[in-house]
Amino acid sequence: MSSKETFRKYGIEIYIDSNDKVILNHKDLKLSIHPFFFKITLSLQSKKYISNSNNNSKKYQRDTHNLIIDDAGIAVPLNQSIFDIFARSRYLSSLEHENLTQFIQVEPSKKHHDQIYIISEDYSNSLSKLIEKQAKLSKFITQDEITSISYQILKALSFLHYNKLTHRNLSIENIKFDKNNIVKLSNYGLYYLSNNGENVSFPIGNLLYLSPESILTEHKGSSNPKSDVWALGCILLHLVLGFCLWQDNNPKIVISRILHLSGLETSQQFNCDTNTFEENLEFKDNSNNNNVEEGDISNLKINQLNNKNMIKFLDSIGKFKQEEISGIGFQSLDSQLQEFIRYCLIPNPIDRPDSETLLDHPFFKGVKDSDPTRDQWLLKPMGKCESLPDDLTSLNIQDILTRDKIKSHYDIFSPSEIYYLWKEILHGDIEKELVLQGFVKPSPSVHKLPLFVPVKRSLTDSSTNLLSDNNIPQINNNNNEDNNIDTPNIIKSKDSILYNNDQICMINIDQILVKLEKSYQSKEQLNYEQLNGTTKIQMETIEMKILLLKEYHKLLYDYQYGDPTQSQPQIIRLARYSIPSLLRGEIWAAILGVNDNDAKQIFYSINLDQKGPNDKQFELDIPRCHQYHPILSSEQGHIQLFRVLKAWSVYNIEYGCYWQGLDSVCATFVVHHFYNESKAFASLKAFVDKYLKILYVPNNFSALSEIMLVYKQLLSYHDPEVSVHLNTIQFEPDLYAIPWFITIFAHILPIDKIETLWDTILLGPSSLPYFIAISIMIQFRQFILTTNSETCLKILPKITSLDVDVCVRDALDKFNHTPLSTTLSKSVPNTDPELWWMQEIPIEKRKRELFPRISIQDLVNNQSNSKILDIRSPESYKQSHYPQSININPKQTKVTPILEQCRNKPIIVIAPSTDEEGIEFCNQLVQWKFKFVSLLNGGMDSIQHSGFDL
Amino acid sequence: MNNNNKIFQFKLVLLGEAAVGKSSLVLRFVRGHFLDYQESTIGAAFLAQTVCLNDTTVKFEIWDTAGQERYHTLAPMYYRGAQAAIVVYDIRSEDSFERAIKWVKELQRQGSPNIVIALAGNKLDLAAKRRVETAEAQQYAEENGLLFMETSAKTSQNVNELFVEIAKKLPKTPTTRPGSAQTQSPPPLPTSTTIL
Ligand SMILES: Nc1nc2c(ncn2[C@@H]2O[C@H](COP(=O)(O)OP(=O)(O)OP(=O)(O)O)[C@@H](O)[C@H]2O)c(=O)[nH]1
Ligand SMILES: [Mg+2]
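Chains as they are written, first to last, in full-length UniProt numbering: chain A, 1 to 950; chain B, 1 to 196.
Read the hints as simulated data drawn from the structure, not as lab findings.
Where is the CB? At the ideal position from N, CA and C, for every residue including glycine.
The reader is advised that the hints may include incorrect statements.
[Said to hold, decoys possible] From the structure, some residues in chain B lie toward chain A, with a derived Cβ separation under 8 angstroms: (1) A19; (2) Y37; (3) I42; (4) F46; (5) Q49; (6) H72; (7) P76; (8) R109; (9) P113; (10) A141; (11) E143; (12) G145; (13) T155; (14) N158.
[To be verified] Computed footprint of chain B on chain A, listed as stretches where at least three residues anywhere in the stretch have a Cβ under 8 angstroms from a Cβ of chain B: (15) 333–339; (16) 741–749.
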């Protein structure tokens, strides 16, 4: 089975039915959301985490908080840990496994800056429901079922553990099934996201399945992956017996029992007097102490844990009579399965095998051999899709429908993509949905306690409520309804995308798809006037977006696994139309020609442990690089930015070097390839090679002055008025434009604007940044013309208010109306003196020129509407001249009618070979605010030399 | 009192190692605020602010330069013609102090003849992590005829005071172009590097 097909198991089909209707079919796919608040004091705790962690990568500490103005106009400290949570969430969404619900993303609350919604795929069918259902039918879960379930859980666990995650929250509620009865573990991200539970006010994990070492270290923090193995053992026992043996309404009793089973004598002092437990197991306790202090637990040591009582216990449950239990019973299990459960329930974590080892247990040999995906962790969803025609602008919906119908193919989207489509197309807003449905109150955050509180208890898994104080909620006590009057009623309307699954609030993908469909149907009623008739907007329909995603899937898949030379041009073509934010990083990488495997090979061959010459500079620059951005300001963001920058500087040690500013360029790639350092590195490398190679070298000043000059001349070409004005106030580009060109605007714009800008720049010629700069000037032209240099200087270097869309369109237009040779160097080394115009012109001389020079090719290729002014003597003109050129005396003191006719048309000046007169004349034209003035490099000599037939 | 109500304009340049807080000092002085994550300066940045003394107004045209050593090549074009300079170091870093001393030497050698130089030990609010002793810097400043202050752009401690002291010390003679509205631009970039 190919990985593509496997993915379909939890995918969405989209196909056209016989009535030409687009059907978005789901396979029991649901998303869950966890709304909650975070403690405001989180950052203190995350520091603790830093010191605990044995990761030897560079750590950055902050000593201050960002402030943000909330709805009520009050400045509140922005919770830095939310940024870290963001960063971690990106890691979670990068993980895919067929036995895990896909983690989608965290969505920050717009109303409460200390609140975040966790969004992930979810299914309504769970193991606990299966148990209930079977109980009603008086049937037991069979050994085969147990085998298959435990194998799948184990696979998911070993995947999580391999990726350095502990589930910690394993419970019968969190083991879900999809339509095909494939096991999907859910809620596995919470423990990691909340920094091993430190950032949440409720303990994570179901008490019943909490491992002894987790109980003992509860107050000291983290759980290790082997706790999940313990939990699996408990759950299996639960399945076998039909209930959990150490269950009790009093959590202290539960803890006591678990510790007792784990061989700790001291736990006897806990009160354990519930019937099932003792009568069956003959563990009478002294029941002399009902009020155990927390200190009693913390005095116990993990190394005291032993198997003594557990062996007795497991032996004794084998003696249960069938009527005492509601499962198939321990003794009737295959001995290998019994052994497997015994392994899982070894109290001492050191002796307990890990998930990887257990997967190799002979008991699973049978299932394993018939499992096609046993080793392979799935690849990204890459669906099949028809190619789009070359010209997207002429494509209409009918075409797509017919094309799709012929093939009647279906395609698949991942949950993240469904969510993305919902957000993009229907402007879906999770918080709005929650407020509408009464899950969250739209109150301003000033009224909120700065605490991490589940918004409504019923939204979170109630059985995860384990508190060590007096407010211990009753575990598994379903009668205990939450009668807090503050709790909003859950309104369930038919077309709500939310539904309440007793314990968890979920997004129903079904409803999302219905909404998507509805909006498709109402398309006909759209106000076309509103749409403004532009193709761009017309294309923003569901089908188009869906089709785009599909097409990108296919192309990116081909790019990675097939022939990149085939798919890259197609990706570029498609990218000209639109780049979906979801796939931006991948698409950029493809445009830049990044190859995944090469990137990995290079990146991991670079020694990042050795001290590098720029390390200190990185440490200074990284903590202040785009720090408003959640990822870049997170601890992980700092680490990854450091590693990628360092890799670049080590790799380029010979020719290139780090200049401040490269951090911003690099940051843009780190954001898009978070947790994929090699790709971020390869993208950075390719980007610098294409646009910035001459600048990131030890001596870049001649390159920089050249760039400034070309920019200045092009500015005169398109906006002589601004250029002349800047010139009179002595406002040279060097004063404001260095950061523009040295970072391709990455240092002066916020990340979201850089994205839009680079979407175009990456597809354009390497000279496009010049035109972007010119468009920026034109956008601020009124302001520039009416202010003095001082104000200009203050504003121009940082122009965050830039309208990037307008700027990009304008820049492309300018580029299309500029002779190509203006941005090219015209000098050829060691030229024959006869070809004087091909020799290098000293930059000092060129700096006097307010206009660009163009080459003979551009003259010859020029569009018919340009004016060619020949300023040589009338005699020379008579002898020979370029067709349609006008002879003009350059010594003009004012604008003559002939010249006036040239206004707003491209002007090409042909000067005598001395050049001087040409320079003066052209400068004069620019002063007179003539646009599009250029000088033919080499004048008449170059025309004659080119062999042009006059 | 012939200088009464006159506006004198001076060009002032900030020099010092990267991330010592040059931009933060200027921002605190000119706009009165402080950013925790002030981004690094590339090339240079320009700001202007006036200081009122008893009888005169002094207008500073401030050039805030990039601190990374590589951008050193650009520095001469910003300090050329400057009548005042603030050389900044971070009191938590001996390296940055060493670097400041080098800047002072360069200014004394290549800067304008009567340039007023101030040495600023910044990030005073982090004095708990101090690595450069006040006395040491003070002594160095005295020996070299520099103004000296320890500042904090974050708490604004001594920031205005520093600029006021410089304003006081600047010679208010007719040669200092009183009242000129024209901003002095630095000369264009050098064609090729000579330093480095
Ligand atoms: N605690 C504290 N932090 C400061 C102070 N001044 C600056 N900072 C911080 O130090 C970092 C660097 O400050 P900048 O002003 O950017 O330093 P710079 O000298 O301009 O750096 P370059 O532009 O790279 O040369 C920023 O994160 C500031 O927030 C201060 O007085 N106290
Ligand atoms: Mg700065």
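Results for each hint:
Because the beta carbon of B/A19 sits about 4 angstroms from the nearest beta carbon in chain A, less than 8 angstroms, this interface hint is met. For B/Y37, the shortest C-beta to C-beta distance to chain A is roughly 4 angstroms, which falls under 8 angstroms, so the interface hint holds. Satisfaction of the interface hint for B/I42 is found here, the shortest Cβ-Cβ separation to chain A being roughly 4 angstroms, below the 8 angstroms cut-off. Hint status for B/F46: holds, given a least beta-carbon distance of 4 angstroms to chain A, under 8 angstroms.
Hint on B/Q49 is violated. Least Cβ distance to chain A is approximately 11 angstroms, over the 8 angstroms limit. With a cut of 8 angstroms, the hint placing B/H72 at the interface with chain A is violated, because the nearest CB-to-CB distance is about 11 angstroms. Because the smallest distance between the Cβ of B/P76 and any Cβ of chain A comes to about 12 angstroms, over 8 angstroms, the interface hint for this residue is violated. For the restraint placing B/R109 at the interface with chain A, the shortest Cβ-Cβ distance is roughly 21 angstroms, beyond the 8 angstroms limit, so the hint is violated.
The beta carbon of B/P113 comes no nearer than 24 angstroms to any beta carbon in chain A, farther than 8 angstroms, and the hint placing it at the interface is violated. Hint status for B/A141 relative to chain A: violated, with the closest Cβ pair at about 25 angstroms, above 8 angstroms. A hinted interface residue such as B/E143 counts as satisfied when its beta carbon comes closer than 8 angstroms to some beta carbon of chain A; here the least separation is about 29 angstroms, so the hint is violated. Interface restraint check for B/G145: the shortest CB-CB distance to chain A comes to about 30 angstroms, outside 8 angstroms, so the restraint is violated.
A distance limit of 8 angstroms between C-beta atoms decides the matter here; for B/T155 the minimum to chain A is near 12 angstroms, and the interface restraint is violated. For B/N158, the shortest C-beta to C-beta distance to chain A is roughly 20 angstroms, which exceeds 8 angstroms, and the interface hint is violated. A count of 0 residues in the segment 333–339 of chain A with a Cβ less than 8 angstroms from any Cβ of chain B is obtained; the coverage claim is therefore unmet, three being the minimum. A stretch counts as covered by a chain when three or more of its residues have a beta carbon under 8 angstroms from one of that chain; for the segment 741–749 of chain A and chain B the count is 3, and the coverage holds.
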